[in-house]
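**Q** Chains H and A, in that order, are what the protein sequence lines are.
According to the working numbering, the residues represented by the first sequence are 1 to 391, in order.
According to the working numbering, the residues represented by the second sequence are 1 to 391, in order.
Everything labelled a hint here was simulated from the structure, so no lab data went into it.
Heads up, some of the hints might be wrong.
[To be verified] One-sided and incomplete, this derived list gives chain A residues near chain H with beta-carbon spacing under 8 Å: (1) S204; (2) C249; (3) F310; (4) R356; (5) L359.
Virtual Cβ for every residue (Gly too), placed ideally from N, Cα, C.
Below, each chain spelled out in residue letters.
There are 2 protein chains.
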Amino acid sequence: MRAGPSQEEIRRQNLGALLRQVHLRGALSRAELTSSLGLNRSTIGALTADLSAAGLVREELPAGSAPREGIPGQALRRAGRPSLVVRPQSERVYAYAFALGAERITAARVGLGGQILDRREAVRELDELSSVQHMVRQMQRPVPRDAYCIGAGAATTATDRADEPLGAALAEVLGMEQPVSIANRADLGALAEHTRGCATDAESVIYLHGDVGVAGGIIAGGRLVTGHGGYAGEVGHMVVNPNGRPCACGSRGCWETEIGEQALLRAAGYDRGDGAGGGRAAVLAVVDAAARGDAMAQAAVRHVGDWLGFGVANLVNIFNPETVIFGGTLREVFIAGAAQVRSRINRNALLASRERVRLRTPELGEDAPLIGAAELAFQRLLADPLEAGAA
Amino acid sequence: MRAGPSQEEIRRQNLGALLRQVHLRGALSRAELTSSLGLNRSTIGALTADLSAAGLVREELPAGSAPREGIPGQALRRAGRPSLVVRPQSERVYAYAFALGAERITAARVGLGGQILDRREAVRELDELSSVQHMVRQMQRPVPRDAYCIGAGAATTATDRADEPLGAALAEVLGMEQPVSIANRADLGALAEHTRGCATDAESVIYLHGDVGVAGGIIAGGRLVTGHGGYAGEVGHMVVNPNGRPCACGSRGCWETEIGEQALLRAAGYDRGDGAGGGRAAVLAVVDAAARGDAMAQAAVRHVGDWLGFGVANLVNIFNPETVIFGGTLREVFIAGAAQVRSRINRNALLASRERVRLRTPELGEDAPLIGAAELAFQRLLADPLEAGAA
Numbered sequence: 001m002r003a004g005p006s007q008e009e010i011r012r013q014n015l016g017a018l019l020r021q022v023h024l025r026g027a028l029s030r031a032e033l034t035s036s037l038g039l040n041r042s043t044i045g046a047l048t049a050d051l052s053a054a055g056l057v058r059e060e061l062p063a064g065s066a067p068r069e070g071i072p073g074q075a076l077r078r079a080g081r082p083s084l085v086v087r088p089q090s091e092r093v094y095a096y097a098f099a100l101g102a103e104r105i106t107a108a109r110v111g112l113g114g115q116i117l118d119r120r121e122a123v124r125e126l127d128e129l130s131s132v133q134h135m136v137r138q139m140q141r142p143v144p145r146d147a148y149c150i151g152a153g154a155a156t157t158a159t160d161r162a163d164e165p166l167g168a169a170l171a172e173v174l175g176m177e178q179p180v181s182i183a184n185r186a187d188l189g190a191l192a193e194h195t196r197g198c199a200t201d202a203e204s205v206i207y208l209h210g211d212v213g214v215a216g217g218i219i220a221g222g223r224l225v226t227g228h229g230g231y232a233g234e235v236g237h238m239v240v241n242p243n244g245r246p247c248a249c250g251s252r253g254c255w256e257t258e259i260g261e262q263a264l265l266r267a268a269g270y271d272r273g274d275g276a277g278g279g280r281a282a283v284l285a286v287v288d289a290a291a292r293g294d295a296m297a298q299a300a301v302r303h304v305g306d307w308l309g310f311g312v313a314n315l316v317n318i319f320n321p322e323t324v325i326f327g328g329t330l331r332e333v334f335i336a337g338a339a340q341v342r343s344r345i346n347r348n349a350l351l352a353s354r355e356r357v358r359l360r361t362p363e364l365g366e367d368a369p370l371i372g373a374a375e376l377a378f379q380r381l382l383a384d385p386l387e388a389g390a391a
Numbered sequence: 001m002r003a004g005p006s007q008e009e010i011r012r013q014n015l016g017a018l019l020r021q022v023h024l025r026g027a028l029s030r031a032e033l034t035s036s037l038g039l040n041r042s043t044i045g046a047l048t049a050d051l052s053a054a055g056l057v058r059e060e061l062p063a064g065s066a067p068r069e070g071i072p073g074q075a076l077r078r079a080g081r082p083s084l085v086v087r088p089q090s091e092r093v094y095a096y097a098f099a100l101g102a103e104r105i106t107a108a109r110v111g112l113g114g115q116i117l118d119r120r121e122a123v124r125e126l127d128e129l130s131s132v133q134h135m136v137r138q139m140q141r142p143v144p145r146d147a148y149c150i151g152a153g154a155a156t157t158a159t160d161r162a163d164e165p166l167g168a169a170l171a172e173v174l175g176m177e178q179p180v181s182i183a184n185r186a187d188l189g190a191l192a193e194h195t196r197g198c199a200t201d202a203e204s205v206i207y208l209h210g211d212v213g214v215a216g217g218i219i220a221g222g223r224l225v226t227g228h229g230g231y232a233g234e235v236g237h238m239v240v241n242p243n244g245r246p247c248a249c250g251s252r253g254c255w256e257t258e259i260g261e262q263a264l265l266r267a268a269g270y271d272r273g274d275g276a277g278g279g280r281a282a283v284l285a286v287v288d289a290a291a292r293g294d295a296m297a298q299a300a301v302r303h304v305g306d307w308l309g310f311g312v313a314n315l316v317n318i319f320n321p322e323t324v325i326f327g328g329t330l331r332e333v334f335i336a337g338a339a340q341v342r343s344r345i346n347r348n349a350l351l352a353s354r355e356r357v358r359l360r361t362p363e364l365g366e367d368a369p370l371i372g373a374a375e376l377a378f379q380r381l382l383a384d385p386l387e388a389g390a391a
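Model the full assembly from the supplied sequences, consistent with the hints where possible.
**A** Below, the structure written as structure tokens:
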């Protein structure tokens, strides 16, 4: 309902749009920027100069341009100096990203442009903050003196999608004034695959993440569905089996009671009954056993694959997504049980929606939530490059 | 990813924003427009002049200002001429709206500003287009000669949310060049309640519409969730009961097999078994019988209310909506079975999401989809007032 933007807002938008282009696509010539942003050459020049002065981009000769000038035929066609390219200052401007999983903590230093400059991993222990602190210290050592950190983001398993105490605690570990941005692993997996993975061309995406529980990151019309209080995406607590098992949430027959790690282990006879002994390794063991011909493991994969397809069919009817991505341990379950997943979707989902949906595994692999956490950290910079990025 | 808008785009945005203000809020003073749009007085003056010249708004003395000037005390405090108000030209600029329901066709002529200038209703017959044609002729007769129609919209029961043949056929009936905009009744109910009804302050809304089937109009982050091909919102085909009845869609246990009109009539013993004898009147008869103490009708309302709450709980977990609205015959089922609905939501939905959700009936009543169809027609005008509204 607000009116059009002011000149200053437009300049900020344009700076952000240019920086976002090189952040996502890498080095680009001024001509490419002119055409993709729909701005004239002099505006691109002025914006580039501002971003260069702030240390966010630099202009340089395109890779391979010098040798080519040595070839007589090329030199004739490319008279004068070659066009400069605008490149993000990936070594100088970076964010910290964390993925606090059920079993492991992953941490990375990610440069503007999305390069992972450093990456560490640790088994998750009770005192997760001291693990994070240790990893951050290791990563801080080799950082060049003129480099600066523009923020940090973290992916968590929490239902509470804006965990303020954790954000403040992580900021203290990092010595930052602003709290670290926190989001759910599935939301950040969706963000990462939509930004840099298998769904960059899709406006409507569901990213499912399985571990102990199941969560969904949902993008509709190009934007993350967060809900009224930030709690959207709890697809693991959609009830699919009214006569099913009790769920830890207090309900019964939730989707995660049928497709979570414990459901697969139970069906395969691996469940020790004490709720322990799960985890990614156990899921892989069942999938491997099924591949080797173990009949009980095969039946388990088929059973869980059927319930996986059952819930996906519901989501396909509700969202009509272009792409559904199976992340976390659901990646392995989907690959092993793809026939059951597809068969159930064919039975339960409406033709118009199911014939358009692509079923995928994360192009960014297990690091999708980690990369999403870095993108979360970069969002403030991309919204207002000179304010947020001031060195 | 595109860069900031041009001067001409900003002017268009500003014209649209001003017109949208008076369309939604009615007559507003220049001072109110200045403050709500965040533009200065001279810009508001120029925009108002452009919209006046195009015949979309007019400036006039506020209602009641003339008599007040006659009161000596008032005249002292309100020296000079009173501030003019900008009012939409509701009698002069209008849209046609249609709601093609399972049983009835409703048609209206709706003025800019949302006033229903004329409204007609007919029982739906096999040849729906000739009914529409008849109603349009009746409504066209009293239209002033200087008035003009800016477009038309129609709400349908179709799953196919962009029914092009119908849009072209309606345009022919109306003698329009552009096809009539078509959308699903639930999507338009959501749009109407979000624009003018009980959810104007909500960014996250689910509007459920029940008749023969059940459809959902979903607003997330303030925007309608349409899906990849326009088929989103088929919540009636979310499977809630894997051991339930076969559904016409080919699946089994879809939500609409448990909460649709036939489900209520069957549970109440009103089902004649031939699929006929349903409709709104039959639903009301069951609800009335329950209110009068008929035990079987009461049990039916409780049963359907429980399944209604079951599906709503799933949607609450998936979307974390601020408001859920029960439209069509689900309005009556919700009112009669509210205790069961709430109890099931309390059992199945996560605390963080269920404690924030408001359960509502449509403030616009049965006309919500019709009013949404008019809003759909006005969208083109509001996006580009001078281009779309040129007399």
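**Q** Just pull the numbers of the violated hints for me, sorted ascending.
**A** 5
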